[in-house]
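A.B. asks: Each chain, letter by letter, is given below.
2 protein chains.
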Amino acid sequence: MSNTNRQITLASRPIGYPKLSDFKLVESPIPTPREGEILVRTLYLSLDPYQRGRMSDAPSYAKPVQIGEVMVGEIVGRVIASHHPDFKEGDIIAGYLGWQEYAVSDGKGIRKVDPTLAPISTALGVLGMPGMTAYFGLLDIGKPQPGETVFVSGAAGAVGSIVGQIAKIKGCRVVGSAGDDTKIDFLIKELGFDAAFNYKTVSDYYEKLKELCPDGIDVYFDNVGGPLTDVVFRWINVKARVVICGQIHDYNLEKPELGPRFLRQLIIKRARVEGFLIFDYADRYEEALRQLAEWLKAGKLKYRETIAEGIENAPQAFISMLKGGNIGKQLVKVSEP
Amino acid sequence: MSNTNRQITLASRPIGYPKLSDFKLVESPIPTPREGEILVRTLYLSLDPYQRGRMSDAPSYAKPVQIGEVMVGEIVGRVIASHHPDFKEGDIIAGYLGWQEYAVSDGKGIRKVDPTLAPISTALGVLGMPGMTAYFGLLDIGKPQPGETVFVSGAAGAVGSIVGQIAKIKGCRVVGSAGDDTKIDFLIKELGFDAAFNYKTVSDYYEKLKELCPDGIDVYFDNVGGPLTDVVFRWINVKARVVICGQIHDYNLEKPELGPRFLRQLIIKRARVEGFLIFDYADRYEEALRQLAEWLKAGKLKYRETIAEGIENAPQAFISMLKGGNIGKQLVKVSEP
Chain A
9 MSNTNRQITL ASRPIGYPKL SDFKLVESPI PTPREGEILV RTLYLSLDPY
59 QRGRMSDAPS YAKPVQIGEV MVGEIVGRVI ASHHPDFKEG DIIAGYLGWQ
109 EYAVSDGKGI RKVDPTLAPI STALGVLGMP GMTAYFGLLD IGKPQPGETV
159 FVSGAAGAVG SIVGQIAKIK GCRVVGSAGD DTKIDFLIKE LGFDAAFNYK
209 TVSDYYEKLK ELCPDGIDVY FDNVGGPLTD VVFRWINVKA RVVICGQIHD
259 YNLEKPELGP RFLRQLIIKR ARVEGFLIFD YADRYEEALR QLAEWLKAGK
309 LKYRETIAEG IENAPQAFIS MLKGGNIGKQ LVKVSEP
Chain B
9 MSNTNRQITL ASRPIGYPKL SDFKLVESPI PTPREGEILV RTLYLSLDPY
59 QRGRMSDAPS YAKPVQIGEV MVGEIVGRVI ASHHPDFKEG DIIAGYLGWQ
109 EYAVSDGKGI RKVDPTLAPI STALGVLGMP GMTAYFGLLD IGKPQPGETV
159 FVSGAAGAVG SIVGQIAKIK GCRVVGSAGD DTKIDFLIKE LGFDAAFNYK
209 TVSDYYEKLK ELCPDGIDVY FDNVGGPLTD VVFRWINVKA RVVICGQIHD
259 YNLEKPELGP RFLRQLIIKR ARVEGFLIFD YADRYEEALR QLAEWLKAGK
309 LKYRETIAEG IENAPQAFIS MLKGGNIGKQ LVKVSEP
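Protein chains in written order, with the numbering used here: chain A, 9 to 345; chain B, 9 to 345.
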């Protein structure tokens, strides 16, 4: 092991889609853990749409990454030195330790990963934040009932692909949208979606939704926003639940877009729209992880990963993900497990 | 009593604000009740924004009024002949009997009004649909907690004025908007709102909301929609509840307007937006009316009425109401009680 820690820092705040020059690869010495701390070697880094938000200094639910700071991100890693009573060398852990090869932590917010349960990378996907986001967003806010129609945008992503499968487990008709024909195949043939469409090649969203959701939409799980979401509000059912999980369409706009006002539809349909953040469910993570692991073990949940190699390739992989280049969970393998 | 029933029918579907020529005054013989029916003489006619929706044939939650049909509306009237076991001559009743001087009914959907409880016109206001709309919308959907800030648009209208007062009863800071300085005085001096502003003379809604709601907005009860509502989403608090009751700004547009997309705000604030219709609460009307009557009797609820005279003046009064000409409940006195 060399003595160098390679890190990706924020070089400049992007306008529109991030560019490679908005990131900087810096080298520093591997930090030394003090009493009560652990040193972690990153194995996998999670790339997620929320990280785009942290690159901007617009007001949001969390502080932005400052220029020169290491990019925020969750990782799975191995404890390679421990001066902390709860961790020992060799433990596999997950936590928000950033885009870097090594990190020191005082253990706060760090959870242990059981490597016998499933491949450890799933702690960043189906058995991690994306899986729990799907679980709480769909079940707690969407409240799907057997026989209802659930429509998921961004359906081939880390969250959307789990949402659709949980909705199938709950006995719903499940329809998804994604931006690539390969993803549409994946949704229907591998994940068991009842129908799906490529929003990049469909010109009339309203007609397509009417065709694929002939009984209307009872639950809309939205990862995307923008023009597709505008249209969904015209095809929701009475007492529909719209779960706002992400609005990736918006994150890279150079200036805000306008859309048709839809609040009158909410009266006509007595419908509900609700945004959420997974962090508000922290006291129920265990419940979600237990259920997700059970479904995974029973073969009821499948997952896909798109994996880049090397911390130096994280910025490119991140930009690709924001443009829809991933199927399932986008990861960076930072070192060999 | 003459033998003529004067009725207001829909002459043409309005484009934008209704014009007098969209209505027609027609005369017909007073109908004769058959076995199981009552004949009602209208005393007061209720004018409400939802009636604008029924003049259009755009899809909505209820069928549109057809050209040549009597305009839809709730009335308070006196039973002047009864062949129905549940009603006797002299009973005061409320029901959706339309814009006309006389109507025959089979009793379905007709409720009796107790004239000893309060002036009978209140059965169309504070002790009727507007009062119950305020009650269920604010308490069931808005769920205001003591110390929270409730902002009400269209605050001087039949619903808004009750919403604000119930929110005060519940221990909230209450702020309202209306379109006239006289209304602002009414809200603050008569109804006890903590603050209010005239949206027609305030140019920067965001700065005004920050000034009058310094702790943000926890519950937004929206009767209006449009540009003001666009801005409110920028000033809601974490876990805010937005109750969509009406969107009168939209009802008379000649073509739909665009507005800034705000769904990302719902994620950041983990906020909920919900539309509702009073009809979904039919099995709880009694609860609401009992509570509203109790508050009214205790002097905790005040109400104001704007009353036009004569069925022939209903169209003009309706157009005036749509443009904000009323304070409190807009009524037409159709005959002397």
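To be clear, the hints were calculated from the coordinates, so they are not data collected in a lab.
Model, not experiment: these values are computed from the prediction.
Keep in mind that the hints are not guaranteed to be accurate.
Any copy will do: because identical chains look the same in the list, a pair fits if it lies in one copy or spans two.
Here are the simulated lysine-lysine pairs, DSSO-like style, with alpha carbons at most 27 Å apart [what the hints assert, rightly or not]:
no.: 1; residue 1: Lys218; residue 2: Lys263
no.: 2; residue 1: Lys71; residue 2: Lys310
no.: 3; residue 1: Lys120; residue 2: Lys151
no.: 4; residue 1: Lys151; residue 2: Lys247
A.B. asks: Run every hint past the structure and note whether it holds.
C.D. replies: Quick rundown of the hints versus the structure:
no.	hint	verdict
1	Lys218 with Lys263	between (31 Å within a copy, 24 Å between copies)
2	Lys71 with Lys310	neither (34 Å within a copy, 46 Å between copies)
3	Lys120 with Lys151	neither (30 Å within a copy, 39 Å between copies)
4	Lys151 with Lys247	both (11 Å within a copy, 18 Å between copies)
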